[in-house]
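A.B. asks: Chains as they are written, first to last, in the working numbering: chain A, 1 to 390; chain B, 1 to 390.
A few of these clues could be false.
Since the list can't tell identical chains apart, any single copy or any two copies may satisfy a pair.
Claimed, not checked - Listed below are the simulated DSSO-like cross-link pairs for lysine-lysine, each with C-alpha atoms no more than 30 Å apart in a straight line:
| no. | residue 1 | residue 2 |
| --- | --- | --- |
| 1 | 18 | 86 |
| 2 | 320 | 231 |
| 3 | 75 | 331 |
| 4 | 190 | 321 |
| 5 | 75 | 321 |
Hints are computed from structural coordinates only; laboratory data are not their basis.
Just so you know, these numbers come straight off a predicted model, no measurement behind them.
Letter by letter, the chains look like this.
Protein chains: 2
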Amino acid sequence: MIKIKGVKFSGIYCGIKKNKKKDLALAYFEKPALASGVFTKNRVKAPSVIITKKRINNPIQALIVVSGNACVCAKGDYEDSRAITKTLARHLSVEEKSVAHSTTGVIGVKLPVEKVIDGIPQLIKELKDNYEDFAEAITTTDAYKKVEKITETVNGGEINILGIAKGAGMIAPDLATMLVYIFTDAKIEKKALDRALKEAVDCSFNSISVDGDTSTNDMVLIFSTGVANNKEITIRSGYKDFLEALKKICISLAKMIVRDGEGATKVIEINVKNAKSAKDAKKIAKTVANSPLVKTAFFGEDPNWGRIIAAIGRSGVSIKKEKIDIDIQGKPVVRNGIEANGFDERGLKEALAVEEIQVEINLHAGKASTKFYTSDLTLDYVKINSSYRT
Amino acid sequence: MIKIKGVKFSGIYCGIKKNKKKDLALAYFEKPALASGVFTKNRVKAPSVIITKKRINNPIQALIVVSGNACVCAKGDYEDSRAITKTLARHLSVEEKSVAHSTTGVIGVKLPVEKVIDGIPQLIKELKDNYEDFAEAITTTDAYKKVEKITETVNGGEINILGIAKGAGMIAPDLATMLVYIFTDAKIEKKALDRALKEAVDCSFNSISVDGDTSTNDMVLIFSTGVANNKEITIRSGYKDFLEALKKICISLAKMIVRDGEGATKVIEINVKNAKSAKDAKKIAKTVANSPLVKTAFFGEDPNWGRIIAAIGRSGVSIKKEKIDIDIQGKPVVRNGIEANGFDERGLKEALAVEEIQVEINLHAGKASTKFYTSDLTLDYVKINSSYRT
């Protein structure tokens with residue numbers, strides 16, 4: 001088990017979840033940690049998002065996560081979130097503004113805030129190096145815990161990065177989507193940390209899509225305790241190595257989230273190549289990834305490239321149909337906008353009977369590319385999401 | 001049966017559809033008709049779209065529709081489409097540029113164009129006042145024919161409008177979506193016809209969504225034979241009455257298309273009120289209408305307003321959560337961004353067990369509103385769209 005020096009974890013059941021699973025998580029930094037965050041763009045934001053966004057650019061001493069209730073669109077939601085960070089701060093003898101906070105779960109239902117308040121002493125008592133309880137306590141409908149770790153030598157010192165995620169590319173019945181926490185002991189300047197997080201999120205959590213719905217509560221936070229013995233990482237020194245390590249963690253967690261999408265049976269990697277701009281590439285990848293017709297075709301293992309080309313066409317990006325090539329599972333499917341010579345439909349259908357599918361779209365229009373990850377749209381997705389909440 | 005003087009119809013089986021259903025349709029105008037059209041915004045356009053778009057602003061003498069093959073993304077697709085309009089023109093002794101053309105069906109498969117060419121003499125022979133064969137021949141996976149008609153007095157004369165549509169708000173396995181043809185005998189100037197079509201399409205066919213996928217072949221065409229005895233309709237004279245009649249036809253056909261969406265069990269009307277601008281209203285309505293989570297919730301008859309408010313938030317429109325009111329089936333559900341006082345969840349669940357559902361979203365931000373129609377996302381949708389094409 002990897003250990004990030006300077007941070008301790010805990011996770012307990014405080015009384016929110018009906019199934020009595022762990023629903024309250026804490027990370028405590030012995031010394032204030034350097035932090036950075038990326039937040040949901042949804043205009044309806046949970047109080048936990050608003051509060052943490054304000055605080056994250058100053059040193060952070062604790063992170064408290066409530067799961068089972070999103071604490072948003074309910075009477076007194078802001079006051080409840082504040083009461084939680086205030087109480088935790090008092091018990092830990094730290095400033096309230098050094099407490100980060102997330103909530104995930106049902107929208108629009110009053111949080112039983114007193115249960116959280118009452119659970120805090122126990123939560124603090126259980127703090128330890130082991131992060132398993134924390135990883136479990138932040139989940140909601142996740143089928144499994146999502147943890148990824150890496151040890152690298154950067155700027156002459158060994159650094160560790162630990163990533164813990166919650167989600168559900170698809171949102172469970174009215175549950176918020178995605179929470180990601182990354183802990184590192186790397187010595188790093190704030191500017192480099194901010195930029196690395198943004199870049200890593202862009203090619204991972206911002207490049208996944210299961211049903212296109214983004215939630216009111218999403219956030220990705222990174223904390224650095226700075227106790228590793230590396231020379232400080234700056235934009236000019238060690239940045240690329242740190243970024244590569246961080247990207248690995250983020251892409252791995254992002255794929256775990258897609259794979260754990262409700263009802264998903266396949267992860268589909270959409271690789272858009274030679275677009276005019278990165279923006280164009282992403283727009284096309286996203287439109288293909290979000291198309292219910294493309295997603296149901298993959299569920300049915302149907303090499304239906306007409307749906308892919310129709311999705312490319314409606315993405316809003318100016319494209320030349322005659323220049324489009326598409327490969328699926330490494331096999332040529334479309335060349336110059338029409339079916340490739342010798343396209344073997346039956347053979348490709350067989351090649352789709354696997355859990356990971358590669359789609360490559362080559363626009364021959366420029367030099368920008370992007371990778372995007374999505375899942376198939378299945379009968380179980382509809383079953384899970386149409387069943388009445390109980 | 002309504003009769004539009006000056007136009008005759010036919011529909012035959014020429015050999016494209018495997019199930020031997022009618023697959024070739026013709027409308028013939030005894031005198032060149034005034035025409036106007038609205039076309040798909042998909043960047044991948046079928047040759048039939050490109051050809052008809054060029055011709056539609058000049059008088060039209062015939063419209064030929066092929067169903068069962070979209071004639072797009074296949075070798076020689078443009079040449080095939082041209083061969084069809086050229087052959088028809090020769091047989092009818094009209095100019096080729098006066099022939100409008102649509103195609104609908106599978107993408108990327110070579111059209112057996114000789115079957116169409118060979119069918120043309122028979123197609124012409126069968127021309128008659130009755131439009132039932134035409135309506136049948138343009139369908140693909142439609143469960144029923146879609147015809148709507150109206151007779152009104154405008155500018156002192158009785159005018160008739162006949163609308164015939166094909167679709168499938170949801171696209172069948174790689175089939176193109178929507179074709180709509182409107183025929184009227186009204187005397188009307190070109191400018192008024194153009195504007196009325198645009199306005200009517202905007203609040204009908206551009207306000208429906210089943211899975212957000214738009215096709216390479218969509219078009220809405222209107223033809224006026226001008227033989228009714230009304231005083232000519234212009235922007236200043238009789239326009240509003242004509243527009244109202246046209247809107248009725250278009251909204252009715254649009255709802256038929258949504259109702260016939262693959263696997264759909266419900267039509268959901270989303271009424272966004274008091275937005276800052278019409279653009280904002282539509283953006284919000286569309287995001288809610290396209291949300292798989294909202295659509296599965298309605299399939300499950302689950303009054304899950306958290307999903308609606310999350311979709312509003314991610315629409316990209318700047319909104320104030322605290323001002324949002326939501327009513328479902330006329331019952332208050334959300335007030336000022338939180339659950340309405342006395343919200344009766346069980347009662348509302350019962351009220352959702354019907355085929356037509358009304359959702360009203362009041363933003364209290366301005367004076368613009370819009371109506372949008374969508375269907376639920378069902379198990380049958382996934383079954384139909386994931387089944388391998390046979």
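A.B. asks: Which holds for residue 18 with residue 86 at a C-alpha limit of 30 Å: within a copy, between copies, both or neither?
C.D. replies: The answer is within: 26 Å in one copy meets 30 Å, while 70 Å across copies does not.
A.B. asks: Give the relationship of residue 75 and residue 331 under a CA distance limit of 30 Å: within one copy only, between copies only, both, or neither.
C.D. replies: between (55 Å within a copy, 20 Å between copies)
A.B. asks: Reference check for the pair residue 320 and residue 231, CA-CA at most 30 Å: within, between, both, or neither?
C.D. replies: For residue 320 and residue 231, the Cα distance exceeds 30 Å both inside one copy (49 Å) and across copies (46 Å).
A.B. asks: At 30 Å max between alpha carbons, let me know whether residue 75 reaches residue 321 within a copy, between copies, both or neither.
C.D. replies: between (52 Å within a copy, 13 Å between copies)
A.B. asks: Should residue 190 paired with residue 321 be assigned to within, between, both, or neither, using CA atoms and 30 Å as the limit?
C.D. replies: Classified as neither; 45 Å inside a copy, 33 Å across copies.
When held up to the earlier numbered hints, the structure conflicts with 2, 4 and fits the remainder.
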